[in-house]
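Peer 1: Protein sequence lines, in the order shown, are assigned to chains L and H.
At position 180 of the first sequence (counting the first as 1) the number is 180 in this note's numbering, and the numbers step up by one without a gap.
At position 77 of the second sequence (counting the first as 1) the number is 1077 in this note's numbering, and the numbers step up by one without a gap.
For the record, the hints were derived by calculation from the structure and aren't laboratory data.
A hint or two may mislead.
Said to hold, decoys possible - Calculated pairs, DSSO-like style, for lysine-lysine (alpha carbon to alpha carbon, straight line, at most 30 Å):
id: 1; chain 1: L; residue 1: Lys121; chain 2: H; residue 2: Lys1117
id: 2; chain 1: H; residue 1: Lys1128; chain 2: L; residue 2: Lys52
id: 3; chain 1: H; residue 1: Lys1117; chain 2: H; residue 2: Lys1150
id: 4; chain 1: H; residue 1: Lys1117; chain 2: H; residue 2: Lys1128
id: 5; chain 1: L; residue 1: Lys52; chain 2: L; residue 2: Lys83
id: 6; chain 1: H; residue 1: Lys1150; chain 2: L; residue 2: Lys83
id: 7; chain 1: H; residue 1: Lys1128; chain 2: L; residue 2: Lys127
id: 8; chain 1: L; residue 1: Lys52; chain 2: H; residue 2: Lys1150
id: 9; chain 1: L; residue 1: Lys121; chain 2: L; residue 2: Lys52
id: 10; chain 1: L; residue 1: Lys83; chain 2: L; residue 2: Lys121
id: 11; chain 1: H; residue 1: Lys1051; chain 2: H; residue 2: Lys1128
id: 12; chain 1: L; residue 1: Lys52; chain 2: H; residue 2: Lys1051
id: 13; chain 1: H; residue 1: Lys1128; chain 2: H; residue 2: Lys1150
id: 14; chain 1: L; residue 1: Lys127; chain 2: L; residue 2: Lys83
id: 15; chain 1: H; residue 1: Lys1051; chain 2: L; residue 2: Lys83
id: 16; chain 1: L; residue 1: Lys121; chain 2: H; residue 2: Lys1150
id: 17; chain 1: H; residue 1: Lys1117; chain 2: H; residue 2: Lys1051
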Amino acid sequence: MKAINSHFSPVPADWLRVLVLLLCLSGTPRALSQDRQENLYVDAGQCVFDVKNNQSRCRDGMQVRQGSLRIDAEQGTVFRQGKQIVRIELRGRPVVFRQVLNPQDGELEAKARYMDYRKAKGLLILKGQVVVSNPNLGTFSGEAMEINLNSQEISGSGDERVHMVIAGELAPAAEAQSGKDTGEAAPTTERPGKQADKNNTSSEDKPRHD
Amino acid sequence: MFSGRQIRRVVFFAMLAGLAYVLWAQYQEKPAPVQPDAFTRGYAATGVMGKISNAQGEFVVRFQANELIQYDHSDNIEIRRPTVWFHDQKTPQWQFQAVSGRFDRRGQRLFFDQQVKMENRPRLAQEKIHLQTSRLWIEPDARTARTAEKVTLTGQGVGVTAIGAEFDMGNNRHHLLSHVQMEYHESN
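With the sequences and hints as input, model every part of the structure.
Peer 2: As C-alpha cells, then:
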C-alpha cells in the first residue's frame, strides 16, 4: 500500500496536515469521560518529586493508569498546575498508549518513541515510529501524529507520509492520486461499510499541483 | 574388687581432669559486654527545650524532648520523644517528630527512630507535604534527610509511597529511590 501524498492539501506545505480522519461519534457514553472521574496512578522505579515546581520525573520504567487508560514507558514527567495534572511527557522504545475512547470502537492503541499527553486539552502528540491502531478502524503509521481524544481525530503532521490500512472490507489501497480518476472509492472518513460520496472525496483527495 | 590403691589413683586422675577442664573453660569464655546501667556516669535531663544558633548568631534549630540522656562512654545523646524544628530565613520551616532518637556528636547528625513524622510550613499551600517513615537520618547542616525504609508522602492532591528516599529540604525536592507508587486525586 502506498502512502497518501501529503501535498494535496490546500494548506501550505510546511504547515501540512497530511490526513484528518473523523471517527464517527456513536452517541453512546464514552469511556474517556468515565476515565476522567477516576484517580490517576503512576508506578515507577525511581522518581524525583519536585514540590516547588509541581512536577514528578520518573525513570526505570513508568506506568500510568486511569480507568481504561494505560500508558507504559521507560521514563516520563508529570506536570501539574495546582492539583490538576495538565501534561505527561513520556519516552520509551516505544511508549505504548491504550485507552477505550468509545465502547463501540474498542481500544485505541498508540505506540511512539515520544509522547506528549496534554491531559488538560485531551491531546496526544506522538513522535518517532508512530503506530496507531484500532480493531474496527485499522492501523495508521508515520513519524509524527496528533490525536484529539475528545473529538477522536487523528492527524499527521509535518511533511511525513502516513501509511493507512483500513480494517474490515477489502478497502482500496490509499494510493497517491496523480491526476487520474481510477473510479475506485478513495480512502474515506466514513466507517467501513458506508458508501463514500465519490464526487466529494475524489475532489478532496486528488493532488493539487500548485 | 579394686584395691584401695587403685581407687586412690582413679580419684586422683579424675580430680586432675576436672581441674584441667576448669582452667580450659576460663580461657575459652568470652568476656560479657559492658552494659551501662542506670548508675553509669553521665547525665540526663527531662522536659528539655532548647535552641541552637549558627556562627552568625542566627537562630537555626529549636528542639524539644521528654528526656535527653548522655552517657560518659558514648558520643551519642539519646533522646526520648524528640521534636525538632529547622528555621532558616531562606528555607521554609521543617518539623520532625519520632518516638526516640539520638544525636551523633561525631557526625553531627540526628537519627530518628519509630513513627517518624516530617512536615513543612511553606508560604504556598500547594508546597505543603507530610512524610512518614520508620527511620530517618537527618543532616541538619545540609538540610537533607534520608531513609532506606518505606516512606509515605502526602501532598496537595497526591499520595506517594516508596522504599528509600532522600529529602532535600532546601529545594523541597525529594528523590524516591524504588518501588514508587503515586496516586493523584483528580477532581473535575
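Peer 1: Against this structure, judge whether each hint is valid.
Peer 2: Outcome of the hint check:
no., hint, result
1, Lys121(L) x Lys1117(H), "38 Å, violated"
2, Lys1128(H) x Lys52(L), "10 Å, holds"
3, Lys1117(H) x Lys1150(H), "13 Å, holds"
4, Lys1117(H) x Lys1128(H), "14 Å, holds"
5, Lys52(L) x Lys83(L), "13 Å, holds"
6, Lys1150(H) x Lys83(L), "25 Å, holds"
7, Lys1128(H) x Lys127(L), "36 Å, violated"
8, Lys52(L) x Lys1150(H), "23 Å, holds"
9, Lys121(L) x Lys52(L), "24 Å, holds"
10, Lys83(L) x Lys121(L), "16 Å, holds"
11, Lys1051(H) x Lys1128(H), "24 Å, holds"
12, Lys52(L) x Lys1051(H), "28 Å, holds"
13, Lys1128(H) x Lys1150(H), "20 Å, holds"
14, Lys127(L) x Lys83(L), "28 Å, holds"
15, Lys1051(H) x Lys83(L), "37 Å, violated"
16, Lys121(L) x Lys1150(H), "36 Å, violated"
17, Lys1117(H) x Lys1051(H), "20 Å, holds"
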